[in-house]
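Asks: Listed in order, the protein sequences are those of chains B and G. In our numbering, each number is its position in the first sequence, counted from 1, plus 234. In our numbering, each number is its position in the second sequence, counted from 1, plus 99.
Just so you know, the hints here were simulated from the structure itself, not pulled from any lab data. You may find that some hints are simply not true.
Claimed, not checked - Sample of chain G residues with no beta-carbon within 10 Å of chain B, all distances over it, derived:
1) Leu154
2) Glu168
3) Ser436
Unchecked claim - Just the calculated beta-carbon pair ranges, DEER-fashion:
4) Arg224(G) x Thr287(B): 16 to 26 Å
5) Gly472(B) x Ala179(G): 31 to 41 Å
6) Thr287(B) x Pro234(G): 25 to 35 Å
7) Val533(B) x Arg224(G): 26 to 36 Å
8) Ala239(G) x Gly472(B): 17 to 27 Å
9) Pro225(G) x Ala443(B): 43 to 53 Å
10) Leu187(G) x Leu439(B): 50 to 60 Å
11) Thr462(B) x Pro225(G): 32 to 42 Å
12) Glu132(G) x Thr287(B): 28 to 38 Å
13) Val533(B) x Gln442(G): 47 to 57 Å
14) Val533(B) x Ser436(G): 50 to 60 Å
Think of the CB as a built atom: it goes at the ideal place given N, C-alpha and C, for glycine as much as any other residue.
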Amino acid sequence: MKASSVRVLLVIVPLAASARAQTIDDGLLMPSGVLGTGSFYAHESWSQYWEGTLKRDNGNIGTLTTQSLTWVAGYGVTDRLSVMALLPYVWTRASQGTLQGMHGVQDFTLAAKYRLLSTPFTERGTLRAIVWTRASQGTLQGMHGVQDFTLAAKYRLLSTPFTERGTLHAMVVGAAGIPASNYVPDFLPLSIGLASRRFSGRFTLNFQAYAGWFVTGSAAYTWRTKVTLDRPAYYTNGQLYLSNQVAMPNVVDYTVTAGYEHGRLCIPISLSQQRTEGGGDIRRQDMPFVSNRMDWVRVDGRVIYTLPAPRELSIRLGASRIVSGRNVGQATTLTSGLFYTFHL
Amino acid sequence: MPSPLRPSVLAVIVSCAAAFAGSGCDNTITSSEALPPLEMASLDSNAGSWRMIVLSSPTQFAVAAPVAETSAAYAVELAAIRTAQANLTAAQRNSIAFWAGGGVLRWNQIERELVARFNLPPAPRPDGTYPVPDPENPFADPQFPFANPPYAARAYSYVAVAQYEALKTAWYWKYQFHRRSPARIDGGIRALMPVGDLPAYPSEDAVLSGVTVEMLKVLFPAAVAEITQRAAEQRNAALWSGKAAASDIAAGLALGKAVAATLIARAGADGMRNAVGNAAQWQALADSAVARGEIPWISQESPPRPPMLPNFGLLQAWLMTSAEVTTERPPAPPSTSSAQMRQELSEVRQTVDHLTRDQLAIAYKWNDGAGTYTPPGHWNDVAAEYVRDARMSEVRAARAFALLNMAMHDAAVGCWGVKYTYFNPRPVQLDPGITTVIGLPNFPAYPSGHSTFSAAAAMVLSYLFPQAAPDFDAMKDEASISRLYGAIHYRSDIERGMEHGARIGGYAVRFAQQDGAN
Chain B
235 MKASSVRVLL VIVPLAASAR AQTIDDGLLM PSGVLGTGSF YAHESWSQYW EGTLKRDNGN
295 IGTLTTQSLT WVAGYGVTDR LSVMALLPYV WTRASQGTLQ GMHGVQDFTL AAKYRLLSTP
355 FTERGTLRAI VWTRASQGTL QGMHGVQDFT LAAKYRLLST PFTERGTLHA MVVGAAGIPA
415 SNYVPDFLPL SIGLASRRFS GRFTLNFQAY AGWFVTGSAA YTWRTKVTLD RPAYYTNGQL
475 YLSNQVAMPN VVDYTVTAGY EHGRLCIPIS LSQQRTEGGG DIRRQDMPFV SNRMDWVRVD
535 GRVIYTLPAP RELSIRLGAS RIVSGRNVGQ ATTLTSGLFY TFHL
Chain G
100 MPSPLRPSVL AVIVSCAAAF AGSGCDNTIT SSEALPPLEM ASLDSNAGSW RMIVLSSPTQ
160 FAVAAPVAET SAAYAVELAA IRTAQANLTA AQRNSIAFWA GGGVLRWNQI ERELVARFNL
220 PPAPRPDGTY PVPDPENPFA DPQFPFANPP YAARAYSYVA VAQYEALKTA WYWKYQFHRR
280 SPARIDGGIR ALMPVGDLPA YPSEDAVLSG VTVEMLKVLF PAAVAEITQR AAEQRNAALW
340 SGKAAASDIA AGLALGKAVA ATLIARAGAD GMRNAVGNAA QWQALADSAV ARGEIPWISQ
400 ESPPRPPMLP NFGLLQAWLM TSAEVTTERP PAPPSTSSAQ MRQELSEVRQ TVDHLTRDQL
460 AIAYKWNDGA GTYTPPGHWN DVAAEYVRDA RMSEVRAARA FALLNMAMHD AAVGCWGVKY
520 TYFNPRPVQL DPGITTVIGL PNFPAYPSGH STFSAAAAMV LSYLFPQAAP DFDAMKDEAS
580 ISRLYGAIHY RSDIERGMEH GARIGGYAVR FAQQDGAN
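So that you can see chain G by itself, here it is in the shape it has in the complex:
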């Protein structure tokens, strides 16, 4: 016997089901930024004269003159492109569409993915100790590297600087030879990605593929197969699209690899080798804090994990001398026994015990903890959209990422130096009643790395994209305060970190003001 209730009940069920369909039975997620084909706003034809960072000048690496556009050898190259274009597969067209978005932006995306993949700490051994990732055995457990924030900041910066140096060199030689793109020379060759008036020799796509693949192989050796394949795809896309001929690509690839070798040599001697330290040194850090009358930092992990990269603060900075790294440091944090520290500790507890949902969302938005692309990756993510929208030439895009990532690398060096000078405990160590709503980083509190990274990044991005400066400033404030909401930092950590980061970012801005690119 049907009851009068029944139709309404069914209506509720049906409407619940309809709510479903409306909100996402389509389960596809776009995995990366949409990058339209890059139509450069400017060719930046004078980029060969922009100031170098590591190289002495663009002529440090000579590029031999290409054969003439009218030569028989070059005619063979053009014929090969025509043949390739007549037989393009769907996969090849996808590859062209992917790389047409811009090599610097694409490689930045790829690198963010690599960082997220490798940003996992080693699991403890059964005896409670931790293995150290080994670059000589990168495929083992633990995998190499552990791409934590300092490691990532350094990786992003090396790739960006290497690309920038290589592209400035390429631009110099492009405007020595003025060889046109195949699609501009041969009416039988279509331009399947934007082919502007930029001289094709040496190919900027090949330069990028060569320099990036060599850097990433050193930084993420376990991803070698994938990196190599991506780089080959980029060169092929340049060829298939009618943008570059085989000789443009060969010259670019060789140039990119040569520049990478210089940067790899620098990386081998920048201090990273010794950044992990050893047990005696870790103990000395604690003893030193005790000798100063302070409570030393203790790992809150179980089993206790050695502190993250205690000697990262000794690394060679990009834009600061080691004396400048020291002089820019903030003053000492409040003593662990001071009234101010008690007050700040109480603020952390009050904050986390009364978090709003919006504050919680901010804590998660900027968490960028283990398994993510890290805070420097987040700022690259932010920057990528502005670089894309500005339709920057490859060399100008490389400049933007180099300035941003040099600033964040130097922020990591500066911040880590301070962290291990004071070896200051986290809030949960001083008040075990505090619990965190995000993972607790395994290194000393003062000052906040997020705040230092973010202030340095916002400073550089505000210089590059002044119309968006208020947005970067707001993001910097939000990223920084998110650490108080997460209950992992005191207010002093955040405020001194932001000030420190802004001073460090200033070095990159002053470099940019005088680099000839304005």
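Isolated chain B (complex conformation):
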């Protein structure tokens, strides 16, 4: 149900740098010696959520709104290694019902991104894209007979020599997050986060074409530590636990981004998915719980524009929408932010 916390925690809080997009899951690094810092405001809201797999609304919540203001900073330690830090302040509120919103400093995240590989694609080969179509027809006649007839057509969409086309980057990211205040994780969907410590390992491949377009694929696995509640017992996933400790399932996420960069403008579009490796569903008419299986698929579009003057300043606008989910709200998020770079 709580899309916001998971998202801020794990993936997306964006980090633009030196006129380009940079997030934990993109394929870009800060140049050596460059420090960037800024802050981003996000407004996320949903009025429908998935109770397990059942999509519903709830008159005792109405629209759940989560706002966050996130301080971000990134620094190019070398041309191959960037570090970044994030710290969000989060507010929640429900438009209906009696439940009180919450607010506070959420989780501090520190990440290091290291480029393994950067290869110019020069006379390397040919990229082919192929579409298959297939028709099949079967018969079932007792123990014998003609089985399947298969008809296939193969059509070449594209065959382009990679000559001075672009550069392929591969990088790894390690990120650790830790709650930065003693907030309550046991009041979802109004809690500001899940209060688990996290460590994630990420692998990212990015192809940056000289013509301006780029594609990035990124996948991460996040380990999460137990969460401690203020109560001595809880029921989740078909079992009563006489403990204040909650085991948190780990999380996998994937993102595919395509975008175009021209002059001062950069426009990435992403499709991302989070899958939680376990956890129970929200029961019928129950409140969500911190270790629920929170899954979602989201589309995300951003525009990053670097001002002509001062050239160190960039602005960023974004919008995203959850298109399918489980135990999360169907959130629409609007973001805006400013980012300033210093050449040290």
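On the provided structure of chain B, position chain G as indicated by the hints.
Replies: Same frame as chain B, now just chain G:
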């Protein structure tokens, strides 16, 4: 070109990762109280003479004399145990270890889990009305029951009283026949759980399995398969462990079921059937408050939900007559138009607007709202550790849970009666500027159910475990004030609730002082 910063940055990342490993990549959570094998501190050999609650006497249910320990028929039973012990699987050993912790404690754990599973209100229909859980169709949506606090208080009490009556009867017959446990008779049979000098016939484990399974089937019918399986496991564990022979178990099972039938008959006529009420009656409650010049309670849920169990206050109490239920009630709450009410309302708002993190933790610790084992379950949770540590015999453990849960059931009856006498609004209704940090219960405010339950429970537990009385008292105060921190109760609700609960708990204490178990 490596920068001088780089090693320190990596060190930070690595230390963050190490902080992780230290605090819980081991994600296993122990799901229930650890219960060591029960070595009874006392056999309580006179428990057959302890005072009954529902039964007339232990001879109300006759138990036929067992065959002699030297008979051929019994030799066959012993041989069957030897064979079983020679072929025990890991699952069977786990089952023995589980039930060795004590049947009363284990069933109390299981019941708390059932309450938590079934403590969910029905979801609204698209037209804004709410379906009522149907015992004739328990697997539907909404599931039956909605094990809310009054329902749970009653369920815990019926199971506990039924177990207690059945075990007192069993103890009576055990000391009529003095048949020993198989492990005491046959050197070829090992005692795989503690087998003391308690006579084995009829088996207390089988009595517990029989009485509990029948009660739980009525109270939580949708869990029938699991309950039945657990009960069979308990009987098998008694057999496999060398504690009871097949005839000990058969006699115990029959006795347990017979006692359960008596309690089920009582449950069918105790008033629960009519506790939900109907729309005309719900309106009459509001009209009555208006006629008295008061602001009536209104559901703050959307869509508005009918009030929870308005007629629960009419249920038959365990230890109080209906006249006593009425006379023990607290006085009327402050009028909704009084200066005192304005002052108390203001206190709620001031409190919730300036909560400390510690106060918030207290609100959550005692919230025990939807989806949990409820406040009575929380007090059973508290009691279980003291019962375990006292190494009580099964019959004495059953007494402790019966006294505790009768008091909390009667607290629910008393409290609900007052709630629907005054139909007093919650703080958020009188001041919409108040928001709650826990879910708002869907029934009138005065008096606080938590405070009534907790004071009754603390009274009984302080009698049973006097050395821990200050702890129970502190827990009672904390549970009660947690409702002010949660912004769902006024101070009057809490104070009058605690006083009311203590008076009701006193009935259980006075019963216990004269029940022959001291």
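Asks: Could you run down the list of hints and mark each one as holding or not?
Replies: Status of each hint after checking the structure:
no., hint, verdict
1, Leu154, "31 Å, holds"
2, Glu168, "41 Å, holds"
3, Ser436, "22 Å, holds"
4, Arg224(G) x Thr287(B): 16 to 26 Å, "20 Å, holds"
5, Gly472(B) x Ala179(G): 31 to 41 Å, "35 Å, holds"
6, Thr287(B) x Pro234(G): 25 to 35 Å, "28 Å, holds"
7, Val533(B) x Arg224(G): 26 to 36 Å, "33 Å, holds"
8, Ala239(G) x Gly472(B): 17 to 27 Å, "19 Å, holds"
9, Pro225(G) x Ala443(B): 43 to 53 Å, "52 Å, holds"
10, Leu187(G) x Leu439(B): 50 to 60 Å, "55 Å, holds"
11, Thr462(B) x Pro225(G): 32 to 42 Å, "39 Å, holds"
12, Glu132(G) x Thr287(B): 28 to 38 Å, "34 Å, holds"
13, Val533(B) x Gln442(G): 47 to 57 Å, "53 Å, holds"
14, Val533(B) x Ser436(G): 50 to 60 Å, "55 Å, holds"
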